[in-house]
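**Student:** Now for the letters of each chain:
4 protein chains.
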Amino acid sequence: MSGLLKSDAKGVYVIAATPFTPEGAIDFDSIDRLVEFYARCGVQGMTILGVLGEYQKLSESETLDVARRFISATKGRFPVIVGVSNPGTAQLVKTARAAMEMGAAGVMLMPIAGLKTDEAVRGYLSGVLKALGPEIPVCIQDFPQLSGVFFSAGCFVELVDAFPQIVMFKHEEYPGLRKLSTIRKACDGKGRRYVSILCGFGGIHLPQEYLRGADGAMTGFAFPDVLVSMDALMRAGKDDAAEDLYDAYLPVLRHELPPGIGLAIRKEILRRRGGMASSALRAPGPLLDKDDVTELDRLLARLERRTGRAITEILQTAV
Amino acid sequence: MSGLLKSDAKGVYVIAATPFTPEGAIDFDSIDRLVEFYARCGVQGMTILGVLGEYQKLSESETLDVARRFISATKGRFPVIVGVSNPGTAQLVKTARAAMEMGAAGVMLMPIAGLKTDEAVRGYLSGVLKALGPEIPVCIQDFPQLSGVFFSAGCFVELVDAFPQIVMFKHEEYPGLRKLSTIRKACDGKGRRYVSILCGFGGIHLPQEYLRGADGAMTGFAFPDVLVSMDALMRAGKDDAAEDLYDAYLPVLRHELPPGIGLAIRKEILRRRGGMASSALRAPGPLLDKDDVTELDRLLARLERRTGRAITEILQTAV
Amino acid sequence: MSGLLKSDAKGVYVIAATPFTPEGAIDFDSIDRLVEFYARCGVQGMTILGVLGEYQKLSESETLDVARRFISATKGRFPVIVGVSNPGTAQLVKTARAAMEMGAAGVMLMPIAGLKTDEAVRGYLSGVLKALGPEIPVCIQDFPQLSGVFFSAGCFVELVDAFPQIVMFKHEEYPGLRKLSTIRKACDGKGRRYVSILCGFGGIHLPQEYLRGADGAMTGFAFPDVLVSMDALMRAGKDDAAEDLYDAYLPVLRHELPPGIGLAIRKEILRRRGGMASSALRAPGPLLDKDDVTELDRLLARLERRTGRAITEILQTAV
Amino acid sequence: MSGLLKSDAKGVYVIAATPFTPEGAIDFDSIDRLVEFYARCGVQGMTILGVLGEYQKLSESETLDVARRFISATKGRFPVIVGVSNPGTAQLVKTARAAMEMGAAGVMLMPIAGLKTDEAVRGYLSGVLKALGPEIPVCIQDFPQLSGVFFSAGCFVELVDAFPQIVMFKHEEYPGLRKLSTIRKACDGKGRRYVSILCGFGGIHLPQEYLRGADGAMTGFAFPDVLVSMDALMRAGKDDAAEDLYDAYLPVLRHELPPGIGLAIRKEILRRRGGMASSALRAPGPLLDKDDVTELDRLLARLERRTGRAITEILQTAV
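From first to last, the protein sequence lines are chains A, B, C and D.
The first sequence begins at 120 in the working numbering and counts up by one.
The second sequence begins at 120 in the working numbering and counts up by one.
The third sequence begins at 120 in the working numbering and counts up by one.
The fourth sequence begins at 120 in the working numbering and counts up by one.
No wet-lab data here; the hints were simulated from the structure.
Each hint should be verified, as a subset may be incorrect.
It does not matter which identical chain is meant; a pair holds if it fits inside one copy or across any two.
[Stated by the list, open to error] Calculated lysine to any residue pairs in the SDA-like style (CA-CA distance at most 20 angstroms, straight line):
no., residue 1, residue 2
1, Lys213, Leu183
2, Lys249, Glu238
3, Lys213, Arg421
4, Lys304, Glu238
5, Lys309, Gly222
6, Lys129, Ala420
7, Lys298, Ala158
8, Lys129, Pro377
9, Lys129, Gly246
Model, not experiment: these values are computed from the prediction.
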């Protein structure tokens, strides 16, 4: 058993896609296949029902069915964090409790749209955290490019002081390297308790984030094996080797980053790597057109030439 | 039976609140009570599961239960439009079909967040309208202050030409009087088929909107009886009498307008008028504090003095 | 002489329009005329080069010429606050110093676009306030509907503690009644020094704001004489008489409120009241079309009937 | 002489920084030095007074002085486009005419903040283009991440049909590869006249954009020599060599991309490459802190190792 999420969490917590059939049904077999793929990639954890998981297009019962299948497929090999953001606090709590009962290690949530100031964010998150109770470990997701909600480092730190169940910060404000440094210094395990910081937003600054004190990555990049290797190299003190590896994949990582179309690209790469049967997004998700596919073909062919590895091959940790 | 929504719809389609108990459970008895209240107000129709209906805080099964109870409580006295906006097209279609089977007259939807241009809005709405099919009458809600999605009058008119099932436009862009005029002139029943235009955004410009050709109101203002009377006076050609009546209520209407806190004020007035047992919003909805209540007390006392009517009294149509 | 702006400022500080000729030249004679109009209205102060002043369409030299003419035309009868918001701090300071040398009582500034958190707002305003120095009295304008910048009450209060030159808060966040109450209670002259709070955003909640402790209005409403009377009644403890007067003008006040087109409506009313020769805005300002003018004609005719006063008549303070 | 900007413009039009002294004065000597640097880089053109040029922090007279110095320093070696975006149309036209008289090849403008639909954008740009007249070649900048204004490909194409003076499109909506393809296909010189498309937003998808039909780059990337070489390789049909070169610089290009802090990073690299004496931004521009500098040192050291070239060395076109 993987147990509850703790503030010393490290490494690569991959953001899982939710596989659908071309007709839009949930493809449960591909959930199993995807979990095996991530397991072979060596991920330290997995976060489901995030943006890449198209959580907002699932009904309530589908949400629970998907969570159950993902958690069960991991067979306790690594912890699962479940995204539970919801406009209604009661629904949020209900989903969170159900997820924990299924064996989730913790939940992830972000402030709802429309909060405009640190005061408002603190008020909202305090209410939700009280309703969740102290038993459920929480990762706070900071993704203002999507939520439209900005809060300061100081605001997060106040919440850390007030709510011991906050064990992780998903950093993805862009630009945000200084915010990461500020939070790292504030929650350093000396002046204040340590909080795990994992980095999202496609990992576009990941080597820099490691060097500023991040504990790992939480992103849907379709080559999590590469991030796992990079993470291992970083931990071994081989910063340049880690970044060399990362840089080789940067052209593709950069190509996956854009919101919307980027999700379709990621799912298509995951399909080509064997992670799922179809790359379909649920409507109204974007479809790749002929130009997009040609472009992706070319980028992946270039990647294979540069790395000397087929994209279907899973990179074994290089340390 | 009230039948399907048509493009000649007129009058006051009240936006219904969803009553909750102080603990956050759906208060089904108050749904019945609220429908009776609206019926006594003489509304021409009702729209449920909109913003005031806190639709985004209901689970899928609650959504259907609430819709069923509202529709059944009307006993066919007036048509019910059901808000079905949803990030997932399949969910949207499923809710719409269920609502129509329960006896809804039509559905209302708005573009999902993140659409940035007329092209994108047209693309999204075309996809959804095709998925819904031609049998379900549709009201397009234009509420960019909430959705963040702006589209031009020309964009809407193109959709009208392509999709006969669009029978109604809920106008609430602010400022937007010119857009209303442009759409009215374009969809005037001569050069192009007529489309019903009902006005929301709290009715803050309602008399002006009638004079620019609107067919009525679709708002959650807690005095729908007043809007019904105003509508009747407008139709009788008594524009100044209509606006005099409206102006008497303008201080309260203006006070209800703000997003967020305005919903709490509306529910509190509805409670005081006998429409529901509790004015509670589901978390994380705003609560009125002591200052807010004192302020509201004063405004309602002033209203009673000015109109010579207790707020519990329902205004009988004045024509 | 009116001297420097102090934290006990009270009453109506009218936001002045900048008069242009139909060809877009600055109409200096109308500046004189407008100042006389405002003087006859009995305003306690005047703020120039704000949004209604179309400050962003003036060149640097025009800015100074306009400020000089306005200040000189007041002949010391009431204080003038000069809007100095500028993307460049050096330019801001230069304009502020020039304005003070011309006899301004203080300057008004708002955070530049793009600041996302309390930390960022505090950082920006601290930098600007240090550059301005302690000698120039400052009014902080809080207008997030325009600037896109939101900050919390607590953020403002910290600035008050750090910078004694902040003597005034222009409150116009919407909705924002609670923020007003919070700042009023925090800066009450007991626990912390008093700061003047004047209310903008068209005065759409002005009576409520007075009752929550505001010291007056700072808005471009085209009937400042009415606000002056309302202010006097409020100070005399005649709250209901004050609000009755306000309510009579609320239909027009509400009509002037929308951004963009509202400025054109205000200038047209000011023209009709004799305040300026032309209601032209500089391009790309909106123009009133035929429908807009018909609508305004009707609203003003209704106002004259309701009040029994021609709009050209200036209301003498009623206390 | 370089003459007027034409729709067959190609290659790298570098966005020029504006050099300041640490005290914030314009550093005219560094303007000369920077132009020589860009000339040695082999750029095909230069765009001044854009975002990287901190145009909004310059006074009216500084704007003209800076434009004059830049244009004069080029000695006719390559065309200069002058950014003239301005909230006031009259000011915009005045700056544009002055720039053309100084020898500019054309002007660049973007829609002002606050335009919400294709109709509004078309209305605004039509007004400005009429005021500018048909003699001044125009590049339309599409940078919604900064302006907040989104318009569709169709909207731009209508403007192209109506205004022959539009000769260039600066593409930088993100994500926006499909929009680029749509405009390229619509303005292909067959069904409709050709329009030059240059790509900004830091060049983050530049190879893909070339392959979709872009004519070049218009960005402030601090290694314009690399883009010039890449452009030459692309034109020679050596797509992979072009992209290999680009990819080597992608880690730094990616690092420069973020708004705000990215400008400070670019100016610091330009300084280190010898382009200017100081990397200071005018207040309230961001400053690099110690962490930022350490990070940049590392990235540039890695770049030098990877390319085998000192960053001070200017890459000679590789074809």
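**Student:** All hints are to be evaluated individually against the structure, with a verdict given for each.
**Tutor:** Structure-based check of each hint:
no.: 1; hint: Lys213 to Leu183; in the structure: both (10 angstroms within a copy, 18 angstroms between copies)
no.: 2; hint: Lys249 to Glu238; in the structure: within (16 angstroms within a copy, 26 angstroms between copies)
no.: 3; hint: Lys213 to Arg421; in the structure: neither (46 angstroms within a copy, 43 angstroms between copies)
no.: 4; hint: Lys304 to Glu238; in the structure: between (22 angstroms within a copy, 16 angstroms between copies)
no.: 5; hint: Lys309 to Gly222; in the structure: neither (31 angstroms within a copy, 54 angstroms between copies)
no.: 6; hint: Lys129 to Ala420; in the structure: neither (32 angstroms within a copy, 28 angstroms between copies)
no.: 7; hint: Lys298 to Ala158; in the structure: neither (31 angstroms within a copy, 38 angstroms between copies)
no.: 8; hint: Lys129 to Pro377; in the structure: neither (26 angstroms within a copy, 27 angstroms between copies)
no.: 9; hint: Lys129 to Gly246; in the structure: neither (28 angstroms within a copy, 38 angstroms between copies)
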